[in-house]
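Number of protein chains: 4
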Amino acid sequence: MIIHLPVNMAQQQVEDLARQAEAICLKKADKYVLITSSKVKSLPDALKGYASEHFVLDTDMQLSSRQYDASVGRIDIADTYIGGDQRNTLMIAGPCSIESEEQIEQSCQMLLSLGIKVLRAGCYKPRTSPYTFRGLGLEGLKLLAKMRDKYGLKICTEVRDSTHVAEVIEYADIVQIGAKSMYDHSLLTACGKARKPVILKRGFGTTLQEFANCADFIMSCGNEQVILCERGIRTFETKTRFTLDLCGVAWLKHYTNRPVILDPSHAMGYDYGVPDLARACMAMGVDGLLIETHPTPCVAKSDAAQQLDHDAFRQMYASLKPVAAAVGRQLV
Amino acid sequence: MIIHLPVNMAQQQVEDLARQAEAICLKKADKYVLITSSKVKSLPDALKGYASEHFVLDTDMQLSSRQYDASVGRIDIADTYIGGDQRNTLMIAGPCSIESEEQIEQSCQMLLSLGIKVLRAGCYKPRTSPYTFRGLGLEGLKLLAKMRDKYGLKICTEVRDSTHVAEVIEYADIVQIGAKSMYDHSLLTACGKARKPVILKRGFGTTLQEFANCADFIMSCGNEQVILCERGIRTFETKTRFTLDLCGVAWLKHYTNRPVILDPSHAMGYDYGVPDLARACMAMGVDGLLIETHPTPCVAKSDAAQQLDHDAFRQMYASLKPVAAAVGRQLV
Amino acid sequence: MIIHLPVNMAQQQVEDLARQAEAICLKKADKYVLITSSKVKSLPDALKGYASEHFVLDTDMQLSSRQYDASVGRIDIADTYIGGDQRNTLMIAGPCSIESEEQIEQSCQMLLSLGIKVLRAGCYKPRTSPYTFRGLGLEGLKLLAKMRDKYGLKICTEVRDSTHVAEVIEYADIVQIGAKSMYDHSLLTACGKARKPVILKRGFGTTLQEFANCADFIMSCGNEQVILCERGIRTFETKTRFTLDLCGVAWLKHYTNRPVILDPSHAMGYDYGVPDLARACMAMGVDGLLIETHPTPCVAKSDAAQQLDHDAFRQMYASLKPVAAAVGRQLV
Amino acid sequence: MIIHLPVNMAQQQVEDLARQAEAICLKKADKYVLITSSKVKSLPDALKGYASEHFVLDTDMQLSSRQYDASVGRIDIADTYIGGDQRNTLMIAGPCSIESEEQIEQSCQMLLSLGIKVLRAGCYKPRTSPYTFRGLGLEGLKLLAKMRDKYGLKICTEVRDSTHVAEVIEYADIVQIGAKSMYDHSLLTACGKARKPVILKRGFGTTLQEFANCADFIMSCGNEQVILCERGIRTFETKTRFTLDLCGVAWLKHYTNRPVILDPSHAMGYDYGVPDLARACMAMGVDGLLIETHPTPCVAKSDAAQQLDHDAFRQMYASLKPVAAAVGRQLV
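Residue numbers (numbering that gives the first Met the number 0), protein chains in the order written: chain G, 0 to 331; chain S, 0 to 331; chain R, 0 to 331; chain X, 0 to 331.
Just chain G, with the same shape it has in the complex (with noise of 0.2 angstroms):
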């Protein structure tokens, strides 16, 4: 249950009642906001007098539900925004890993020339294998400063566990928590108590549900910026990397909150997949795209197959303005 109470009452005594109440307690500009719960069913009696509203809810998925706010929440990014009252999609783009300045330096000046404002790329890589690269880490991250000063542009890039969230968050404008990170506590309190737009990932073993649920933990530490992507489940099928899932994001737009974003590559796997799956996201009508791309995608040090070429990622860029016309939305 989520309960309202007047922002002009005592603090302590708010926080008095949200203990009786074993309710979490978050102070808005206009009210606070106490969550218990959602198998609390009726208003507490210490809160009887003093709620201002209160909302019953069926999940878990409390502050990020449609049921309790059905609004998608805006989230300010660069010189525009996502969610709120405008059909804004925006585009991030960016290699897989740093992997040098001479590789990342290419990858900015393809995102200018498109007018693209938002870089992505990985500095702390989660492979499941101990033999293989890991990222450039805390370099990757100075390095990323250095072109968000050189151009412009805004940084995305991933934090992979406890130890090093503090740097990224530090460093990027948007903090992306990984598919395999998606359950960790820590990482998701810290983003919680951060204040950038954090993009969390669905684990490819997770239901709408924890989904959901995961965004509520991030938003109950305070922290409203929270963005869904989907990025492609892990099923039966094999001949591609996983499966994305547009009717889990029909699902998303329908009963949360959020803004959506989508992730084409990691969910194919191969290029030759990625501008058909792109236009496919852009038409679903979503807030994002989340598409990775690489000045020589042979010699990529992570995901070499999935990431597309320069030419072919201008192509399927060009491409995708129309499609974002046609379904009334822009490409920021």
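Simulated from the structure, these hints should not be mistaken for lab results.
Take the hints with a grain of salt, since some may be wrong.
No distinction is drawn between identical chains; accordingly, a pair holds when it is met within one copy or between any pair of copies.
As the list claims (entries may be wrong) - Capping the alpha-carbon separation at 27 angstroms, the derived lysine-lysine pairs in DSS-like fashion look like this:
id: 1; residue 1: 300; residue 2: 38
id: 2; residue 1: 30; residue 2: 116
id: 3; residue 1: 149; residue 2: 116
id: 4; residue 1: 40; residue 2: 149
id: 5; residue 1: 40; residue 2: 238
id: 6; residue 1: 40; residue 2: 300
id: 7; residue 1: 141; residue 2: 27
id: 8; residue 1: 238; residue 2: 38
id: 9; residue 1: 30; residue 2: 320
id: 10; residue 1: 38; residue 2: 27
id: 11; residue 1: 38; residue 2: 153
If you're wondering where the values come from, they're calculated on a predicted model, not measured in any experiment.
Knowing the structure of chain G, use the given hints to seat chains S, R and X on it.
What follows is chains S, R and X alone, placed relative to chain G:
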């Protein structure tokens, strides 16, 4: 392996050679086509000196493979066609089941008002429970034929098992093999001997390789008019009925020479997601869409939750045209 | 809902009442059994005053539900039985396919030497590729019948589709419905009218609910001798052919009244894992095991990798007896 | 590739050679072990003349592969061991979460009465909802240590993320890496540097290959005491919580040299199925069982449905011994 022999050879000799090579033999207008298991990797001795061409294939997806024939097969339907040298996307719409003449009349009139050429409606329903509606059977087929005569619509309907395959082939313009029946050899053989377009629906537990193999099954019986239909696979996610596998569609488009159509209604299982998904499918660049729509979904005898009402269908249909244009296709 | 009517009522009256209640009607030795959809939750008016008992069921798993009948159905096979008041576990073994008289002779002699009573061998193979061995068909059935006459073994063989169901029912002692055929209504109906035990194999994409519903399908046609067989479901794991679902078996044992048998050979897909799995299945306390064994697996025309050779089978068989004893069962 | 160098070489020289070969270097009692990516298929030039042995491996499952070391690793626990030259199966039991001193006292006494040596209980719970019980944390660890001192039980408890890994390693006798944390590099690295046995639980969306790779991750950091735990994977079947993958266990036993233990409680999710499954696991011939049992399951703060009460646990435990004997193992 696929081997071509000159058309001017004596049929008896060709059949003898096929027997020696343990090959299936098809007579085309301009050649004989012999097909062995794909495990045969070099031209059988018996055929040396006769073969005009031969193709070594990786898997038993042979006739349906782009490695063998790189152009997408053309299939004539109504006064138009899909595949071949045009970028047409065919709309096939109608109720899950035909329930009564009144119901199907309403469906036909709605389709006609939009210029849609193909009506779908099931007569033999493959339900897993013995205690539910199983369709009107032959009576339904006759009603559909009546609608064809009256309105000039083409009829697409599903065959469930071998006991009524002859009837369905007789009455339908497009024979649909259901997801639960796609492994039925007798059905595949009967459809392979028919001279009508066949929509082969992917089983919800079927791999892409098996799916393509089944297309080969039908084609190796002599019927080249096979259309592949992806309609959702079964995954761990149960908030939606199935998971529409668009990554798989990218694979099918890349590796097979078959037209591909999509059924977002069965994949989603709920009407609210169908319009978004239909637009995504269109942007994916496929050859057709199969959409369930019912005059009054809430009283439908099967699949009530997923059928669009006529208003919702009209709205969705209107929105598909600009998407088609954006990806250089025509909705037919 | 299941409703019992007294056996001394006039059959015509009972049939009229069944029609009014839209119920399936079965005549048993001691009662009439009427079955409506499980959506019917209160006794239909027409039946008030007649019903001797009625059972409200949650789902269309009705006749097969422990809620309706808590005792496991007894099924007589050879000179023994499974289910009922005994804790017997039946061994059913033999090659994937019957390939020749010589091969099946060898199989029979091996079984006889161990005292095994039931021979399994497929005659109609449901392969997904059109270019592979499809079984000996009727010739195979006749060879199996010859073996029965010669050696006194009972014959278990698979029906693939409706076109040959009559033949299989005629020749087999136990009719097996294959995993790929379990949704075939005509097949289920034919088996439901037969008076022979039926092994229903779970489809690899089939939920437990659907599986139990299919058992009801057969039982509602009048044949109570339905045995459920779990043989592996399709999951994201592809190092093994399928994933044997023993959690599902626990569910089946808890919620249905059907004997349950297991096929570890198809689940595993590789001989090396079969003995361990067979022992696990035995300890699980099931009513039977279906194990593939071939005189010379490496030359088998189907499923070569998963068949045990006779030495490996003998060793495994010997190891099953102490496990059976440990869980209070007899291997028969 | 794994390369052995003589132990009498100078450590500095070995480290230099490892750097040249881009290899991880471990010093063992009798040799140096260098490990490169498995993509290296021939002995690096730098190592020629030095290598005493080298092993070409197919995948990055290297140290954990039977191809490299065919004997199952021995792991000492309490006054016994698993793996190595004995066929011991270790029982690890206790509640899902430690909730209070009173509760854990009851658990300990029950275990002691049966002669069980290892207590399991979670202190850091990785729940997907932010609004549920997250465990007692450090306070729980201290209570567990108190139980160890009082009763001589060994303690097995789960680490959730990197922020408390040091604490868990300090307090636990066996460190358990949870299914949701198994991709966490920092966690794997910390456990790899620890000198305690580690139970690595398979993620519910994790392939066997990735699972074995993670074992290599820990081993390549120097800790050889890695135990693999299968606890159910996520499939389309939702009547049970997960699907216990015994086919996968057969693969792990065949291809890896790691002891394997099983957790039927989490796989099943419901107490009714656990005893049958536990017996099946025992007959499968594994090295350990992890069973959840709670003094009063219905009031448990997590996983209430799947925990056995103490009576049910005792009954199940008694039934395991004859099964162990039947497969030539001892329950320890």
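Here's how the hints hold up against the structure:
no., hint, in the structure
1, 300 x 38, "between (47 angstroms within a copy, 13 angstroms between copies)"
2, 30 x 116, "neither (34 angstroms within a copy, 53 angstroms between copies)"
3, 149 x 116, "within (13 angstroms within a copy, 57 angstroms between copies)"
4, 40 x 149, "neither (53 angstroms within a copy, 43 angstroms between copies)"
5, 40 x 238, "between (46 angstroms within a copy, 23 angstroms between copies)"
6, 40 x 300, "between (51 angstroms within a copy, 19 angstroms between copies)"
7, 141 x 27, "neither (34 angstroms within a copy, 38 angstroms between copies)"
8, 238 x 38, "between (42 angstroms within a copy, 20 angstroms between copies)"
9, 30 x 320, "neither (41 angstroms within a copy, 46 angstroms between copies)"
10, 38 x 27, "within (24 angstroms within a copy, 48 angstroms between copies)"
11, 38 x 153, "neither (41 angstroms within a copy, 36 angstroms between copies)"
Against the hints set out earlier in the document, violations occur for numbers 2, 4, 7, 9, 11.
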